[in-house]
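Chemist: I would like the entire structure built from these sequences, with the hints used as guidance.
From first to last, the protein sequence lines stand for chains A and B.
Note that our numbering has the first sequence beginning at 1, numbered continuously upward.
Note that our numbering has the second sequence beginning at 1, numbered continuously upward.
Take these hints with a grain of salt, some might be off.
To be verified - Label pairs and their in silico Cβ distance ranges:
1) A:Asn-252 <-> B:Asn-429: 19 to 29 Å
2) A:Pro-270 <-> B:His-391: 38 to 48 Å
3) A:Leu-323 <-> B:Glu-469: 26 to 36 Å
4) B:Ser-478 <-> A:Leu-323: 30 to 40 Å
5) A:Glu-112 <-> B:Tyr-416: 36 to 46 Å
6) B:Asp-450 <-> A:Asn-177: 21 to 31 Å
7) B:Asp-450 <-> A:Pro-270: 45 to 55 Å
Stated by the list, open to error - Covered stretches of chain A (in silico footprint by chain B; criterion: 3 or more residues with CB under 8 Å from a CB of chain B, positions within the stretch not fixed):
8) 93–107
9) 171–183
None of these hints come from the bench; they were simulated from the model.
The model shown is predicted, which means the values in this text are computed figures rather than measured ones.
Ideal Cβ positions, reconstructed from N, Cα and C, are used throughout, including at glycine.
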Amino acid sequence: MKKILTVLLVLTFVLSSFAFKATMITDVGGLGDKSFNDGTWAGVVRAREELGIDIEIIISTEQTDYVANLQRAAQNSDVVLAVGFLMADALFNVAPQFPNVRFIGIDIGPSEGQTVPTNIALYLFKEQEATFFTGYLAAATTRTEKVGYVGGMEIPPVIRLEMGYRAGVAAYNQIHNTNVQVLRSYAGAFDNPATGKRMAEAQFNQGADIIFHAAGATGNGVIDAAREKGASFYGLSQNAPLTAIIEAFYKNDAGFFAIGVDVDQDYMAPGYVLTSGMKRVDEAAFRGISTARRARGFETGVNILDLAQQGVGMSPMMYTKGLVPNRVFAEMEYLEKLIVEGKLVIPENATQLGTFNVSGIVFPF
Amino acid sequence: MKKLLLLSLLLIISITLLSFDVDLVKSHYKTFINEYEENNREEVLKVFFDEMDNLGLYRFYRNKMIGTAEFSDRPTSIQTYLSRIHQNMKFKSIEEEMAFSAFLVYVQSELSGTRMTLERLRSMPAHFTTVQKYIQEMQEDSLTYLGNVIAYSLGLVEDSPYKDIKKFPMNARLTSPSWYLYLDEPSDVFDELIKENKEEFEKMIEDLSKTRLTGSNLEFEIDGISEHFLTDLNYYANLNIENLRIFFIEESSKKFNFSLLRFLVYLIAGIIVFIFAKKYLKFYIIGLYGLEIIYFLFFFDISRDIISSFVYGSIIVLSVFLFGIITLLRVFSRNKNILQRLSDLFVFLGIVLILILPTYQIIDLTIDKTNEFKNTYFENQLLNDTIIYQHAKVNRHINVLKSLLGTEYSEINSFYSARTSRYIQDNINAGIFDSINIQSNNVRINLNRDGLLYSNVDFHRQSLENYSENIKRILRASKFREGFIENEVKDIKKEIENIFRYSDSDFRKKFNAEFDKFFAASDLLEGYKNDFESFKNDIEYSEKIPLNLYNTGHGTKILVIFFFSLILFIIFENKKFKFVTFIGMLFASFLMFIKPTYLDILSEVRYPIIYSSDYTSSLIVGLIMITLSLTIYFRRGGIRK
Chain A
1 MKKILTVLLV LTFVLSSFAF KATMITDVGG LGDKSFNDGT WAGVVRAREE LGIDIEIIIS
61 TEQTDYVANL QRAAQNSDVV LAVGFLMADA LFNVAPQFPN VRFIGIDIGP SEGQTVPTNI
121 ALYLFKEQEA TFFTGYLAAA TTRTEKVGYV GGMEIPPVIR LEMGYRAGVA AYNQIHNTNV
181 QVLRSYAGAF DNPATGKRMA EAQFNQGADI IFHAAGATGN GVIDAAREKG ASFYGLSQNA
241 PLTAIIEAFY KNDAGFFAIG VDVDQDYMAP GYVLTSGMKR VDEAAFRGIS TARRARGFET
301 GVNILDLAQQ GVGMSPMMYT KGLVPNRVFA EMEYLEKLIV EGKLVIPENA TQLGTFNVSG
361 IVFPF
Chain B
1 MKKLLLLSLL LIISITLLSF DVDLVKSHYK TFINEYEENN REEVLKVFFD EMDNLGLYRF
61 YRNKMIGTAE FSDRPTSIQT YLSRIHQNMK FKSIEEEMAF SAFLVYVQSE LSGTRMTLER
121 LRSMPAHFTT VQKYIQEMQE DSLTYLGNVI AYSLGLVEDS PYKDIKKFPM NARLTSPSWY
181 LYLDEPSDVF DELIKENKEE FEKMIEDLSK TRLTGSNLEF EIDGISEHFL TDLNYYANLN
241 IENLRIFFIE ESSKKFNFSL LRFLVYLIAG IIVFIFAKKY LKFYIIGLYG LEIIYFLFFF
301 DISRDIISSF VYGSIIVLSV FLFGIITLLR VFSRNKNILQ RLSDLFVFLG IVLILILPTY
361 QIIDLTIDKT NEFKNTYFEN QLLNDTIIYQ HAKVNRHINV LKSLLGTEYS EINSFYSART
421 SRYIQDNINA GIFDSINIQS NNVRINLNRD GLLYSNVDFH RQSLENYSEN IKRILRASKF
481 REGFIENEVK DIKKEIENIF RYSDSDFRKK FNAEFDKFFA ASDLLEGYKN DFESFKNDIE
541 YSEKIPLNLY NTGHGTKILV IFFFSLILFI IFENKKFKFV TFIGMLFASF LMFIKPTYLD
601 ILSEVRYPII YSSDYTSSLI VGLIMITLSL TIYFRRGGIR K
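Modeler: Structure representation (structure tokens):
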């Protein structure tokens, strides 16, 4: 009897000393989208490097996989990361069934009146605060007075990305008395680069010279289209060095660009991706895992990451900073200050965008 | 032996720390179920029953005002509403609260006529929040207690509930010192746990003191030591909860669903008759038909007997639909005389009228007469659904309208501020405009004569063409948008009309307060304010609420008996059988003239039933049913064959 009890105690100790394990469930975009899923996974990998935890990833190929994948992950993990708005229902159904597992929802919010179980921490972003600047920058950089937008699916976070972008263009128009127009289209999917490319090409043909995508892996097609269109316009090969691309831009005083989303996508086509509107999904994932790992301090409920918390922002523009006049950056810095101070509120829906008015802003320089 | 003692100690601690009496929870749970089954509305479940009535009323008003459709991508389930009742109740003890949270799952299962499951129990917000709250409190308490002792031993805090521990001072700081200060009275059970493991406990603290950890990393390690000694405690606490859940489910499944048993009896009897007494098969069918009518009359509970509802619902709906279509086609078929055509047309119209004519007019459930509904959570929920929530139809239409008006505003704004000013600027740059003087009532453009000469004609043409193109474009877009704006205004009015027809002055006032917020938030809607105001003022309040047969339990029974008889009448060729089913149709028709004392109204499937005692019922539907029965009998049954 004594031996059995000793073995049981040792077993309990051994089991309890196993490494903490985090499992991420991708949405249908899957890993390799160079966007949302990859960004979150980067945060998970960082957690492995810095916190010494075990990690695993489960790829969802269909929306119907979500529940089964979450259940599978919950059965052998300490913390499960659900990525993407479309996984919301599945997350809220599965989490209460596994009260001893902690769940992190990236870009997932409760529906109205819904109770959030205490084992879920949700991270949402004020995406519009990031894309406001991509819109402003696009309006300041366009030579055709037409910029484009390609969205994945019309779901709340993507709509917020779009609204921020259009608000940025509207702000530039109002402040500078210009008339930059936005062409917009939705691909209806996050995993279809071919459609993204086709839509981008159509917008370039309609006169747009800069296109922002908020379409996950579909947006990779938009970046491809910008590279092809830009290289062909400059008369350069698609592998031309960055210096040649910059020289060609100044020589022609025009070019074709894409704007990335979620993570820094500038590297995907240096010189052709003007900037990226980033939401720090990596930071949210890392932060979620760090707190879930602790006995206390798990950020249960809804956490909204904004510009002030550096939860959203623009990429550092490693390859294209030289294409934009310093005055534009100064203006954006001033606008950022107003947002952080709460003096400028960026619209998150069409109604707010309709009444968005910044014509009264005067730069102190 | 020492290990055995340790395990026993952990078990005792977990039970003690759970801070609730498991037997008492079970006792409360049984009481709730008994009181619910006995419909005892005056004792422990008084508040619950009142809230359930309000829940029924809420769905009833909601369906009349905005329909049954949910416009959210994630619709609210009944679990959310039942959990809201839990939130609004005051409990005398954690045992009562825990039992009630599980009882709500029993109620949910009862309302949907299904069995209670572990999955449903775990996903009931009232239940999981109650359980998680107490488990969390227990964990917080134990972590703070042991954490305080460890921090005291490390010299990071000055006080501790247990001080008989070696000191291993370290030069570090805590990020969240409040997590390591236990402010309640010292606990014997924790002290005992420390004493039992003192050697190992002190060794782990000593090891930690030798590190250079500080801040949150140090806290992580302190909690890690605490957790090491508390792992089994958590395990036992969860085990207790799981055992309790199994009890909840077992207790709920004691009731047997006799309505299902009848199908088995029919099946066995049918097989016996078919094998051994085939010539009595018609009597078996007539007997089965009679038994089903008796079942429907006296035992059928539409909200709980999901199987019967599904079986009859699917069979009758499909059959009546097909019969109706065939009858309609016969109206236009060849070789029919006018009388046959007219009788077929009457049969078709009769079926349609039975289904669409309002049969009952409810007087005592209009919103002005249900005072108990006023100022409750569910009245507020009704307000959310009708206007406050973003997916509420009125809210969505107003937002679309605002968006259209906003687009119109910014387009016009952009035309004047950007395109017109650019036109002027271009003319200035081209040396045509010299200067522009604007005074209060006078705008004067000073022109350069040279710029107006024919030598500049290309510029003039291009400039005017661009400007006129801009004007045309903005006019085209504005006219196009006008249609959408008008449609949105119409849709808003249509929605408000439906809502106001069933809203008393009090609810209208609350609705208007929310409606006015849209106007206060934006001056874009200002132009429509008076129009909406006068429209709202003209909507008459309905003193009675019309209901169709199928909206009530009584009416549904009549419908099922009538159409069940009708279908069997058509299927079976035997004259005697046709006569029996014809009597069945007449019987159902005559039931229409009997007015029950209480009319059971289905607020919505899986939601509580509400009752009306003051209502009127129309005789027209009953008369149509009688005439229809006679027409069908003489047209397709008795005389002809």
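Chemist: Now look at each hint and say whether the structure bears it out.
Modeler: Hints and how they fare:
1. A:Asn-252 <-> B:Asn-429: 19 to 29 Å: Holds, since A:Asn-252 and B:Asn-429 (Cβ atoms, about 24 Å apart) stay within the stated range.
2. A:Pro-270 <-> B:His-391: 38 to 48 Å: holds, 43 Å
3. A:Leu-323 <-> B:Glu-469: 26 to 36 Å: holds, 31 Å
4. B:Ser-478 <-> A:Leu-323: 30 to 40 Å: For B:Ser-478 and A:Leu-323 the Cβ distance comes to about 37 Å; the hint holds.
5. A:Glu-112 <-> B:Tyr-416: 36 to 46 Å: Cβ of A:Glu-112 to Cβ of B:Tyr-416: about 40 Å, so the range 36 to 46 Å holds.
6. B:Asp-450 <-> A:Asn-177: 21 to 31 Å: The hint (21 to 31 Å, Cβ to Cβ) holds, given that B:Asp-450 and A:Asn-177 are roughly 27 Å apart.
7. B:Asp-450 <-> A:Pro-270: 45 to 55 Å: holds, 51 Å
8. 93–107: holds (count 5)
9. 171–183: holds (count 5)
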